[in-house]
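There are 4 protein chains.
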Amino acid sequence: MNTFGRVFRVSIFGESHGEEIGVVLDGVEPGIELSEKDFAKDIDRRRSGAKGTTPRIEADEPHILSGVYEGYTTGAPLTIVFRNTNTRSGDYAKLKDIPRPGHADFTANVKYGGFQDPRGGGHFSGRLTLPIVAAGVVAKKILAETVSEETHGHVQFRCEARLMEIGGIADPSKWDAALTQAQKEGDSLGGVVECVVDGIPAGLGEPFWDSVESVLAHALFAIPGVRGVEFGDGFAAARMKGSEHNDCFTADGIGGHEGIVTPVTNHAGGMNGGITNGNPLVFRVAFKPTSSIAKTQRTYDFAAQEMTDFQVPGRHDTCFALRTPVIVEAMAAIVLADLIDIA
Amino acid sequence: MNTFGRVFRVSIFGESHGEEIGVVLDGVEPGIELSEKDFAKDIDRRRSGAKGTTPRIEADEPHILSGVYEGYTTGAPLTIVFRNTNTRSGDYAKLKDIPRPGHADFTANVKYGGFQDPRGGGHFSGRLTLPIVAAGVVAKKILAETVSEETHGHVQFRCEARLMEIGGIADPSKWDAALTQAQKEGDSLGGVVECVVDGIPAGLGEPFWDSVESVLAHALFAIPGVRGVEFGDGFAAARMKGSEHNDCFTADGIGGHEGIVTPVTNHAGGMNGGITNGNPLVFRVAFKPTSSIAKTQRTYDFAAQEMTDFQVPGRHDTCFALRTPVIVEAMAAIVLADLIDIA
Amino acid sequence: MNTFGRVFRVSIFGESHGEEIGVVLDGVEPGIELSEKDFAKDIDRRRSGAKGTTPRIEADEPHILSGVYEGYTTGAPLTIVFRNTNTRSGDYAKLKDIPRPGHADFTANVKYGGFQDPRGGGHFSGRLTLPIVAAGVVAKKILAETVSEETHGHVQFRCEARLMEIGGIADPSKWDAALTQAQKEGDSLGGVVECVVDGIPAGLGEPFWDSVESVLAHALFAIPGVRGVEFGDGFAAARMKGSEHNDCFTADGIGGHEGIVTPVTNHAGGMNGGITNGNPLVFRVAFKPTSSIAKTQRTYDFAAQEMTDFQVPGRHDTCFALRTPVIVEAMAAIVLADLIDIA
Amino acid sequence: MNTFGRVFRVSIFGESHGEEIGVVLDGVEPGIELSEKDFAKDIDRRRSGAKGTTPRIEADEPHILSGVYEGYTTGAPLTIVFRNTNTRSGDYAKLKDIPRPGHADFTANVKYGGFQDPRGGGHFSGRLTLPIVAAGVVAKKILAETVSEETHGHVQFRCEARLMEIGGIADPSKWDAALTQAQKEGDSLGGVVECVVDGIPAGLGEPFWDSVESVLAHALFAIPGVRGVEFGDGFAAARMKGSEHNDCFTADGIGGHEGIVTPVTNHAGGMNGGITNGNPLVFRVAFKPTSSIAKTQRTYDFAAQEMTDFQVPGRHDTCFALRTPVIVEAMAAIVLADLIDIA
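Chains as they are written, first to last, in my numbering: chain D, 2 to 344; chain W, 2 to 344; chain Z, 2 to 344; chain P, 2 to 344.
Isolated chain D, as found in the complex:
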């Protein structure tokens, strides 16, 4: 299913080397000011070009096809498309015979019986996170406006993700060297992103199936290359005692919403029983190292039916996690825009 959400709903389409990729947003309320230039900042944060990212550089210009009239959303489905221009499809000819380790080439072939578009990973490509970023921009606008309205401007919505570590290194001053080294070895690195969302009201989420954690994790694990998601203390909570992990309540709440007393510590990451408690949401996402590496890998040739030495064709990120904080933010905003509509 290519759609996510219950009231604010996001559908994506397109392939890495197809003509266009895009997103249809359903359930966008009318009257939100929106134009193509609103997307520039976040799209830029996802763009490649910096050290550790792929030399495939796309214009990534959003084009609003529907749902906006005279500068405001109409309430009808909002469609945003991006043209693919800088594609080199010749690179991907042999991927059915020798599926790239770590990629979806093999599983796509099993699932779609060879009919999938193999170029650049087709619909499985990380390029599909571009329309996600666009959807995130709209979601952030909805949230900022809703929060501001409901609190008469007293509370600001804030959704910020940043890279905590690359290749296990937490000190950003050492990242450049690590990237250079990995690139030299023809290898790649992973990373961990932390996201903090502040300003959202207490009471979002549903008991059990649609707990805030459930819906957020659902969206976050949809980002290609995610291996783990944790909230608040996360895996460390399993090693704590109840007296250490519990967030006791106090009148001087972090959340600061008028009349709401929130916990002053935030071990739970902003929710209890799957419902937001007014504290900031805090969660971390683990990204694997880029699967495409220059280094030779020993893998199976399904056509020749024998093991073979294999080098991944195409242009790739040394550490695609560098480009993911804005995608993580987008997913958080998409989920919360839906939950705030339902509440």
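For the record, the hints were derived by calculation from the structure and aren't laboratory data. One or more of the hints may lead you astray.
One copy or two, either will do: identical chains are not told apart, so a pair holds if it fits within one copy or between any two.
[What the hints assert, rightly or not] Here are the simulated lysine-lysine pairs, DSBU-like style, with alpha carbons at most 30 angstroms apart:
hint, residue 1, residue 2
1, Lys52, Lys242
2, Lys242, Lys97
3, Lys185, Lys296
4, Lys175, Lys242
5, Lys175, Lys185
6, Lys242, Lys95
7, Lys142, Lys97
8, Lys296, Lys242
9, Lys175, Lys52
10, Lys38, Lys97
11, Lys242, Lys185
12, Lys142, Lys296
13, Lys38, Lys185
All figures in this text were calculated on a predicted structure; none of them were measured in a lab.
Since chain D is already given, all that's left is putting chains W, Z and P on it; use the hints.
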């Protein structure tokens, strides 16, 4: 929303201290042999009574209300209920004034405006995992039958979760002492559960939104007290290099499905691009320490509007993670029974 | 799928001759006063016993299993069950060999491969409209409260269905004779029900897929035995000219909502472009004659593989349409309670 | 919600006078041969230009944006767009002040607070049925292939709708005169379309909520201008006796599927208990007369707050029902492609 799934759908209802709790299963195929006794083993694994678990012991007898006729499922909605008997509601009178730290008392009150059933956590109670276990039993039956049919009995479906650590201790021989100590201190412990699912076909899951990881994580984070979920190498993958983390292909696949060549390593935990690759699914779930502790906690009294010393009333697990492996299995089976129906 | 609705969601379960039938309502807002006695009036309207209805009389006593605490809805799933008592299952033994003409015996057998519960139509029985009526009672309460709140008591929600004709006869004074005659002939009659819903705000429904007509028709055609649904002028509209059928606007609107100018005629039945316009909703539902008749029918014996004379066993309504107005109302209320939640 | 379907899912977007309109199809199986030229025939049947249809003529050239690779569907979301070229937006300036009777101008304004795109009805325009026709072409292909495969070519899928009457006239030889007369009067006509679907297997549909009738009616009432839907004998069934309306079974079934004995009469229109019985599906759809008429209408000016004489600007069909049979077919195919996927 109290329902999960697209074709095999699970709805739960009930409150901890209400008359009955139950589950409605939709999309169960007809002709599966099923009776109340099929639930005994898994329900027993969830039951309390052992060291570290609550002294509230329930009969937990499943009663099939609909959807089974002459010993076989009919294809109509399958309803299973459990009667609540051993309830002590007097314990929970003051929870609106002094919400228990770590529990949903506060957030439920915000969300439901004081109308929620506060007794034992009401609909937020861990007791609602009992119908989940029942749903898991049916899901496992569906999967075992489907896998066996499709592979002519060559492959067996297997779904097994076990506790990997308690309170940060990986050696089971030391758990008893740790539980005794925590209990003595009036404190509680968390734990980590690992689940392995074997025998499922390659090709399950959808690109992006309904990746296997997304749907599994959605269900797993619905279990009360989960703080983190990771697949394969999980968070450790973020510290590995691509050449270490990639699963290269080989003719001697672990999966062993006829004609399918699967990766011999399993760093990804059984999926690529969100689609199962024939390897066993492997994932871990972090459970927080039990929130209800005997130890006095300093928290806020919303009625008196001042800080207060607080001791949690009621009977509780020292380490509820002890009871969760069968719940984790149930969630995995519920998700896979749905994905296998769609594929 | 046994569930209907997006935010206010209705799931039904059970079989005609099973132990219990029931309904789970999800998305019910907290704080609505509700007890078992609220259901009495509508359940009574559906009950058999009058001329033209089956002699199978059930107690039909609703039992609230979950979702209500101290007399008010909690916001958690609301479960209502009914015990089946007056069942005579011996009647239905041969229905797999000789499926009853007009019933689901044949199609259920194809779909469920013989595993369906054949007693009294099993899950296909009209008895499943009893939990629908219960759901309708809750939906009406939600609507009445919402409309009254939003209009500060100026507008009352009203949802009333009545039988317009039986066996093609519009004059109620002649119905008794027609029923007597049909019963004497061992035959059955159909009927047409008209429903008017007043007091709902303009703006409900969605363009295209979830037009008010679409969602209402979806629910109405779920009632067993419905053959047609029409809105406003309905099929007659196809024979009118635009100048006759258009509802022009006027300041003296029927709808009477403050500040809203609605059409003074109501050919469209209360909606334009799939969205309510403030006029009363008006629609009609055609019910077929009861399929179970005493008269001998010439049909096929699938066991003997030959044509046979067949008389339907069991006890039945001469005109089940007599019992449907309250079911039609329930469906309208269920749909509108969902649409008003989304708007 | 702009999406319909559970497994085969159809999302539409765009506005009458926007840049492009389109459809995203999700759940399309891989390996179906598809190119732009496959759409020509059905699009042509919907096109205007004939007597009684609007002089706004569009190229209506489909453009496949994603989901097809080297001439075959890939299994990824299939996006088809159409460029709007022949638009005259100046015509629609005053519709917020004087909403066109019978149109969605008024209700859209209530629902979207004035932010809707008013040009040509915006997202409410009948032009959105163009992507529906495109979706129908894909659905028909899926059905034809599935039916042929499952019956080894013995059964052909057939889905044919035709106009039964215009302005109440059943004799086609008299339609031309009626259209001429209506046009002369500046008025418009409605019509009734009948659709027959043959070749589909018995067993499609679900009991209650997703009965075949329910899901078909849901889709059919989404077509702008539909006032009624009836199956088999439809409203006439309400005037028949059970002995006349029941379809008895016989060995010489109409359906003709090997080994399936279907009813020889077809009063029910091809289903029992909401499940297809192997007989052809037969249903009728009533279309209102075109709302836009040249004739002066007396209606309300919301800006001037007084009644006014009003003439609808723009170019319109005298009888848009003329263009609907292919849309009705498309809706039937869309629904059945989804139901056949679920079964």
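Could you work out which earlier hints the structure fails to respect and list their numbers in ascending sequence? 12, 13
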